[in-house]
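Protein chains in written order, with my numbering: chain C, 179 to 620; chain V, 138 to 308.
No lab work stands behind these hints, which were simulated from the structure alone.
Every residue, glycine too, gets a C-beta built ideally from N, C-alpha and C.
One or more of the hints may lead you astray.
The calculated label-pair distances, taken between Cβ atoms and stated as ranges, are [what the hints assert, rightly or not]:
#	chain 1	residue 1	chain 2	residue 2	range
1	C	P360	V	P186	46 to 54 Å
2	C	G375	V	G266	55 to 63 Å
3	V	P186	C	S407	29 to 37 Å
4	V	G266	C	S553	31 to 39 Å
5	C	T468	V	G182	20 to 28 Å
6	C	N362	V	P186	44 to 52 Å
7	V	E289	C	A233	58 to 66 Å
8	V	E212	C	M606	27 to 35 Å
9	V	D218	C	S464	29 to 37 Å
10	V	C286	C	G598	42 to 50 Å
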Amino acid sequence: MKVLSSLVLGLVMTFATPLVAQERSGPLRIEITQGVIEPVPIAVAPFLAENAAAADFARQITAVVAADLVGTGLFRDVPKNAYISQVSDFNGSVPYPDWKAINVEALVTGAVTLTSDKRLVVKFRLFDIFTGAPLGEGLQFAGGTDSWRRVAHKVADQVYARITGESGYFDSRVVYVEETGPKNARAKRLAIMDYDGANIQFLTDASSIVLAPRFSPTGDRVLFTSYESGFPQIYELSVGTVTKRPLQMDVEAMTFAPRYAPNGQTVLYSRAEGGNTDIFRLDLASGQPTRLTSAPSIETAPSFSPDGSKIVFESDRSGNQQLYVMSATGGEASRISFGQGRYGTPVWSPRGDFIAFTKQNAGRFHIGVMRTDGSQERLLTASFLDEGPTWAPNGRVLMFTRESAGADGEPALFSVDISGRNLKRLAMPTAASDPAWSPLLP
Amino acid sequence: MTFLKMAVAAAALVALGACTNADRFGPGSSGAEGGFGANGGVTGGVNDPTSPVYFNETIGDRILFAVDQSTLGPEAQAVLDQQAVWLTQNADYRALIEGHADEQGTREYNLALGARRASAVQNYLISRGVAPGRLQTISYGKERPIQICSDETCYSQNRRSVTVITAGAGV
C-alpha cells in the first residue's frame, strides 16, 4: 500500500505588507457555534506554479483548499471571473480595494514549487481584506508529491483556524465499513479514506462481517469487531502495515464495541456472556481484562472522556436505553439522558465539552449533542435511521451513518456541524457505514 | 421462501466443504439463512423425524420476539418444547442458537439484544432437558435480516432466534 511521505512544516516567514486604514474594529472572525450565518465570501486565488512541473499540483491544491473551506458551510468561494486583479506574484503587495470592491473578506494566496528531487514546496498567505492586513504569518509546507492532498488540507486547516479561532480538521482520515450487496446478504469490509472521500483503501476483505471500527488516539491503529472466527470478536489493525491481530482476551464469550483510552494503552469493550452484556477494560500490554460494570441489564457502547477520567456508556438498566457516566475505574454510574425516547452510541467530544449520541423517539432517529451532565440537549438531525456519530478532531463537526428505508435501503456517510447546520452526504462510490474520524494527522 | 430449495442448496455447499465450521450443516458461518440444515447424508429428509430437515421444517427452527423483548411467548415455548424433545432424542447433534434483531435500533445494542434472545432460548432448552454442553449461542444483532422491507411485517420476522443444528461428536 501507499505510504504517505512525511510532511515537514517549514519555516515561518513574515513579510512586510502595507497597512490600509481599518474599516472594521477587529480582524475577521467567524464564531461557528452561533446561530444562522451567511457564508463569508473568500477568494482562494489560484496558487501560482513557481516552476512548470508544479502547474498541475498548483491547480489541484487550490481546488482542495477551496473545497475544504467551502465544505464547512462557513465560506463562499468568490468565482475567479469576478476578480478585478489577479495574483501574479506571491511576494507582491495586495491591492485591498480591488478585493473589497468585490466583497471578498479574506484572500488566500499560494505558490507551489516542485523541486528537482520531487519534493513539493507549498507556501501560502492569508489576508483579512477589511482590516487590510495579513491574518497571521505566511507558512511553507514541504512533502512528497503523493502527499499533495495533505499539504492542501494543512493549508486549509491554517486558514480555518485563523478565521474561526477553532483548530482545523481537514488533514484527517476516516475509517469505515464499505457495504455492497442486497440488504439480506450484505458484504462488509473495512476501509479508510481521507475525510473528504479521497484515497480510499481497503483494510480487510469482505469474507466476514466487520463492524464499527475505531481509531487509536494517534490514528495509527484501528479496533473493530469481526465475525471471522465465527463469533463476534475484537481485532486490532495497524493502519501502516494493514496487519491485524485478535485481542484474545476472551474466546468464551462474544466481544464487541471496542474503544481506546486516550493514552492508547487500554481498550474498553462489551462482553456478552450468558445473554448479559457488560463493559470491560483490557490492558493492552498485559492482556489483563477488568470488569467495569456488573448489572443484569445491557451495558455497551462505552466512550472515554478526553482526559481519561470518565466513561460514558449506554445501559437499559432503567427499562430502556439511556446514557450513563461513571469513573474510568468503574463503580457508580449517573444517568445523564432524560428526554423522551431511547439514547445510545454516546461519544465524548475530543474537546471534552459535549457528548454526541443517537436518539430514537416516535419512530425517528436523531443525532444529538448534550453537555456532559446531560443538559442542553439538542437534536441535530432527524431521519428514518441515523446512528453512530463520530467527532471531527476539532469537536465541531460530526459524521454519522444514515440509512434509507425499504428493501433498497442503503447506508451512507453524512456530516453535520455542531450547530446543526451544513448537513451533507459524503460522495462515495459505494454504500458505507460506521465511520470513525481520526485525530488531526501529525 | 421455500425451505426445500434452500436445503438442497445447503446440501451442495456442505458437499463442497465450504463451511468455516467444518462440523456444521448449513451455508457457512454467516448464518444468513439460519437453520437450513442439509441431510446428514445418511437417511431421508423431511419425513425422517431424526433428520435436521425435519427439525427445521416440521418442528420449526425459529421463534419470534416482540420489539425490544427477549421473553418467550406461549407460541415460542411450544416450538421450543418440541425442539427440546428432538434434541434429547437425537443426542448426536449439537445446536448453535442465533439471536437477531430488527433494524430499528443502534448497532451495539442490537448485538446485545440478539445475545439476550439467544440466551433466553438456550436457557429454556436447558430447562427442558437439553444438556448445556450441546448448546452455543451467537448474536448477529441487526446484521442478518431475512426480510428487507422497512415495516412491521418484515421487522417482526427479523426479531428472531434460530436454532441451527450442527453435527455432533459421532457424526
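Taking the hints in turn, this is what the structure says about them:
no.: 1; hint: C/P360 with V/P186: 46 to 54 Å; in the structure: 35 Å, violated
no.: 2; hint: C/G375 with V/G266: 55 to 63 Å; in the structure: 56 Å, holds
no.: 3; hint: V/P186 with C/S407: 29 to 37 Å; in the structure: 34 Å, holds
no.: 4; hint: V/G266 with C/S553: 31 to 39 Å; in the structure: 53 Å, violated
no.: 5; hint: C/T468 with V/G182: 20 to 28 Å; in the structure: 50 Å, violated
no.: 6; hint: C/N362 with V/P186: 44 to 52 Å; in the structure: 30 Å, violated
no.: 7; hint: V/E289 with C/A233: 58 to 66 Å; in the structure: 60 Å, holds
no.: 8; hint: V/E212 with C/M606: 27 to 35 Å; in the structure: 43 Å, violated
no.: 9; hint: V/D218 with C/S464: 29 to 37 Å; in the structure: 47 Å, violated
no.: 10; hint: V/C286 with C/G598: 42 to 50 Å; in the structure: 31 Å, violated
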